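Residue numbers (the numbering used here), protein chains in the order written: chain A, 36 to 400; chain B, 36 to 400; chain C, 36 to 400; chain D, 36 to 400.
No lab work stands behind these hints: they were computed from the structure. Honestly, I wouldn't trust all of these hints.
Pairs count within a copy or across copies, as identical chains cannot be separated in the list.
[As the list claims (entries may be wrong)] Here are the simulated lysine to aspartate or glutamate pairs, DMTMM-like style, with alpha carbons at most 20 Å apart:
#1 Lys-81 x Glu-294
#2 Lys-81 x Asp-48
#3 Lys-81 x Glu-268
#4 Lys-81 x Asp-53
#5 Lys-81 x Glu-353
#6 Lys-81 x Glu-47
#7 Lys-81 x Glu-332
Note that the structure is a prediction, hence the values are computed from the model and not measured.
Here are the chains, one letter per residue:
There are 4 protein chains.
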Amino acid sequence: MSVDQELERFYEDVARADLQPLWRQQRNLMPRHPLPETRAWLWQWKTLRALAERAGELISIERGGDRRVLSLANPGLGGQPFATPTLWGAVQYLGPGESAPGHRHTPGAIRFVLEGEGVYTTVDGDACDMHPGDLILTPNWTWHDHNNRADAPMVWFDGLDLPLVVHLEAVFFQQYPDDVLQPVTGEHNRSARLFGGRGLLPVGAREQGRRHSPLLVYRREDTDAALDALLAEQGGPMVGLEYVNPTSGGPALPTMSCELHRLVPGGRTTPVRRVGSSVVVVYQGAGSSVINGQRFEWSAGDMFVIPSWAVVDHQASEPTDLFAITDRPVLEAFGLYREVTLDGAQEVTGQFDRGVELSGPGRWS
Amino acid sequence: MSVDQELERFYEDVARADLQPLWRQQRNLMPRHPLPETRAWLWQWKTLRALAERAGELISIERGGDRRVLSLANPGLGGQPFATPTLWGAVQYLGPGESAPGHRHTPGAIRFVLEGEGVYTTVDGDACDMHPGDLILTPNWTWHDHNNRADAPMVWFDGLDLPLVVHLEAVFFQQYPDDVLQPVTGEHNRSARLFGGRGLLPVGAREQGRRHSPLLVYRREDTDAALDALLAEQGGPMVGLEYVNPTSGGPALPTMSCELHRLVPGGRTTPVRRVGSSVVVVYQGAGSSVINGQRFEWSAGDMFVIPSWAVVDHQASEPTDLFAITDRPVLEAFGLYREVTLDGAQEVTGQFDRGVELSGPGRWS
Amino acid sequence: MSVDQELERFYEDVARADLQPLWRQQRNLMPRHPLPETRAWLWQWKTLRALAERAGELISIERGGDRRVLSLANPGLGGQPFATPTLWGAVQYLGPGESAPGHRHTPGAIRFVLEGEGVYTTVDGDACDMHPGDLILTPNWTWHDHNNRADAPMVWFDGLDLPLVVHLEAVFFQQYPDDVLQPVTGEHNRSARLFGGRGLLPVGAREQGRRHSPLLVYRREDTDAALDALLAEQGGPMVGLEYVNPTSGGPALPTMSCELHRLVPGGRTTPVRRVGSSVVVVYQGAGSSVINGQRFEWSAGDMFVIPSWAVVDHQASEPTDLFAITDRPVLEAFGLYREVTLDGAQEVTGQFDRGVELSGPGRWS
Amino acid sequence: MSVDQELERFYEDVARADLQPLWRQQRNLMPRHPLPETRAWLWQWKTLRALAERAGELISIERGGDRRVLSLANPGLGGQPFATPTLWGAVQYLGPGESAPGHRHTPGAIRFVLEGEGVYTTVDGDACDMHPGDLILTPNWTWHDHNNRADAPMVWFDGLDLPLVVHLEAVFFQQYPDDVLQPVTGEHNRSARLFGGRGLLPVGAREQGRRHSPLLVYRREDTDAALDALLAEQGGPMVGLEYVNPTSGGPALPTMSCELHRLVPGGRTTPVRRVGSSVVVVYQGAGSSVINGQRFEWSAGDMFVIPSWAVVDHQASEPTDLFAITDRPVLEAFGLYREVTLDGAQEVTGQFDRGVELSGPGRWS
């Protein structure tokens, strides 16, 4: 038997034994730096809004099909309904008078409101009113339902760690028993009144915060004022806020950082690359981002994905607020986060692995 | 030589060798439960205010005598100027137009304003405006000076961990170089604008918070609203807030918890005993506290000490806010904190060690 | 246009916009409990050993094909060379006199030696001798090469968090520059001498441990003695050890718990289900495991996978040691870990979601 | 009334009100750097040993006088039986056949054996055998008794955080009920068998370690070997080990670091000053230490105190092991720890605050 025949037979035997030779991996398992399958991609608001509205006309909310949600399906991810390998992004549409019934699940979720008034989400009995620009949390294993008491629809952005939790094969799900909606206990927005203080917590709150953030709503007027202050202090072209669990100062969800960035027109941000992916929602304004050398023009309501290790910079043509979710807390938890700022002298287009010394100024954190 | 003579000579030799026999300790080093030397004590506002004003007339602020401060000297502590073994409490008086020059020290301090307007404390360059009911932090090793630009004096409560840091022989102190006052950088109240958000932090703030709380001011209007919300949610007779470092959810100073408690008239709180001491300042209202069986009547501006392991309950005759500093974070850091709630059936006067089983419902934390 | 036509057109438009309707997901994204694609599977040592030896004869180690590794390819994972969604398991074969050249990567790895002597792995300059039953760490971003100075091959089990880090798109990789092998600094097994004490650490070691475990080798004689002691103390049928980072008491790698379990013949362990997957290597002994109702017989050298939320129990017919890697630290980091012990009365075969109340005794951790 | 009369009356009124003017503090509350009352001091073994033996002859162990202990009374601490403001050091003598009955207390203790064999300390039911050079822990609120089953006495060093816990007014104490001695459960030295592994912990041990270190004994042969390895790796003149809680890598007791330092003859260590105090026990060897310019000669069994912020260096004339307890964990917990290494060029005698820039290379930790 020739060596080739021997090899052939060997590889057949290996495959039959449910093994794979590392040296023949088709897929490049160990690239010099991340080579994401996730693609930089942008979804336009006019398309999202129109399709959400058509869904509102065509699809009723009923048991078994609880949520009227169109999810961002990144073209790099093989047909999965995921924006990135760790993050779910979607548009949810709740028509006038509609309610989405109660359930809970181990994936954690955030809701960032884009349009509408008169809606509340009940989270473990606490009715959280929703207004444009507000952020609402429905953390891991909290009961939640959505209720529209107004004459107009509400449209919001859904962000979840679902792709990660699916990958970890750790999804649990339950319908709320018997009735579709939870009873609301007391006045609306209890969490904001109790845990939304400025450096203030009820005595004993730290213990509660171990399970998840006890603060469930973050208001647009607060982020707006905080970004103004940051801008006055630090100057442009961009400043950023993180929404945090007030009992720990940590990210709003343990798996997901929620951020709001304000851009002033004109300046262009320094190109940066980061390990980990993010989904960005243009809350207001207009401008463009260059991701791995490709320019994406955006305006209010548009959503786009920044893959891991992509070189990215932003430039606004109007005063702009960008809301973003990222998986940075996951990477940081395991010593995998890394961020490199690229100065102008570096040739960053085309050869993304050049000019970045791993022992250089971009440090592991 | 008789046994007695032998023993006598032995004890002489032991003493000469700078040793002490454990079995002859005069002081009860190992009591069944804490037997504090610290005494429950109350200082009345009318006395404090009058003496502070006389100090304002008689004593000028100048280099070498930087601060016009009258410290609470607990009669149990052998003439030391300390409210408790770990906590310093004092009244500070700053006359119209006066400035207290800059310095820094390793003991951390808080200022809780009782009277006056038009004053600011500059902390590492950030001018923090002070109003009645506000809390201002000057943490470990931060430069600080106080400036009165108004026509009336300001009087505030000073709380420090100085007795603890003195005991640890860890006090460092520096005068601000050259000029008496730090330059103020930018607009006043920078820390409140940047770190006083409702569940919001500037991206990267967590790193800053490791040194000390980046939030330096806590406003009366915020505590007032938060206590209203807590009361509506939890009911009386008492609810409590903690002032926290927003980057960690931990206490405002690592050594000292700052709290504000609201009492509604009528109800009496359940008697409780806690390991660790506290200094209480009556911000508004009137009522009484029973501490180890002794009743203390108080009204606005009064200050009192609760020693470690004392049985205490409170009752308000008017709507009341009690500000307090405690050393609980120190005890918790070392597994020494404990809290026991005493129900009405227990005989708690006189024999404080009865009726409290160490393995019972009052748990070590 | 009929409703059906409208719907059809709508779904076309949605797909064209790179969106997906949640209510039409083919894949069950939100099952009541984990429904892993990962399959329970067993690879037999006789097959693994024979194929590894054939690989040794047929495949040389050279630049570009650094490692002679046959990876466990779970049949449920669509042809990927992964044992589970988070864990890589493999057999590595290093022939007499061979060296596998230096490189480093962000995925962390462990080596558990099955056969051979006279080999060492150099990790950041520290040559770690390898003997059967030893565990060797090559953590995230540490340089490592393998060297066989003996006349016989060595075979070991490779465990990595590679599938997780690939999924997170966070893989970095570098070849060791210029020469294939790192210089060895000083005597072999430096980490064991410095950090392998019994409750002892060099002053200052905690700081070093933040990057990764400074202890890189764990010896068979130590685990053997520790399991004997555990068994004497706790009794059978099974006891378990965890290999830890001595500067934190945490898992050997931040993403991966390494454990060694000893089974005494006869008894059967209580069935349990856990969130998260594991790869088990039979170091010595023989017996069987029942996983989701399917019995797997095993003996020394066999390797098998336990998927997330599978019901599993073990029974030994000979004194047995099972080495295992699990992704529990990842699940615990995000509040996703859960473990339920099933008593005999429960019907656990077939309907794996019955008899397990989520609010019941199996608690979220 | 003259100004002097007014001032006099004012100060009288202030004192009568239990207040003290900060500007008249006799005691320098805020020195530029620590000015400890604690004095550098040395107790000689020949004196300690002789007095301990005389105590053994004169004083019986019985209920009410449980422990035959001579405590180091630092001459700077006003007659208190304390070595430093936070640390208790003492010699304990247990005669042949004697037992010291069971009790527990919130102050944590360590025992470092100087002489004798055949003794065990039972800690929560685990009998811990004691040999020269071993360290035994009796942590916060663990039951413990001591038993000498040999024909010769044992003498050991007792280290406690008692002065700190007394100062915090947090001492609780209980006699062991009914019988004087706890029943011993199982074989001796259970904690060493279960938790004394080399990087190994029983599965689930981390949870147990939250209360206190589950490892209660640290053996001389292990420290000896570890110091040899450190010396071989790092070179002299001095290397140091810390005894740690294996479930956290933290100090053996939360309030107290236990360390063992090996000095090789000849070299002199670099002078250093540290915030916080320590008690040093010369386990073997001979040499001298210069503390704040004063030379202390020592040999085996001697004990000495290093006060906070003292400049200290050591020089051995024989191979030397120095055991030490320090309060560094307390200072680190509150951001108060600091360490400065002084190079030879610095004038360090007499003016201890010169040449040490607070923003210089000696960093706050």
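Hint-by-hint comparison with the structure:
1. Lys-81 x Glu-294: For Lys-81 and Glu-294, the Cα distance exceeds 20 Å both inside one copy (24 Å) and across copies (50 Å).
2. Lys-81 x Asp-48: Between copies, since 13 Å is at most 20 Å while 54 Å is not.
3. Lys-81 x Glu-268: neither (35 Å within a copy, 43 Å between copies)
4. Lys-81 x Asp-53: This pair counts as between: shortest inter-copy Cα distance 14 Å, intra-copy 48 Å.
5. Lys-81 x Glu-353: within (18 Å within a copy, 59 Å between copies)
6. Lys-81 x Glu-47: between (52 Å within a copy, 17 Å between copies)
7. Lys-81 x Glu-332: For Lys-81 and Glu-332, only the intra-copy Cα distance (13 Å) is at most 20 Å; the inter-copy one is 59 Å.
In the structure shown, a violation is registered for the earlier hints numbered 1, 3, in ascending order.
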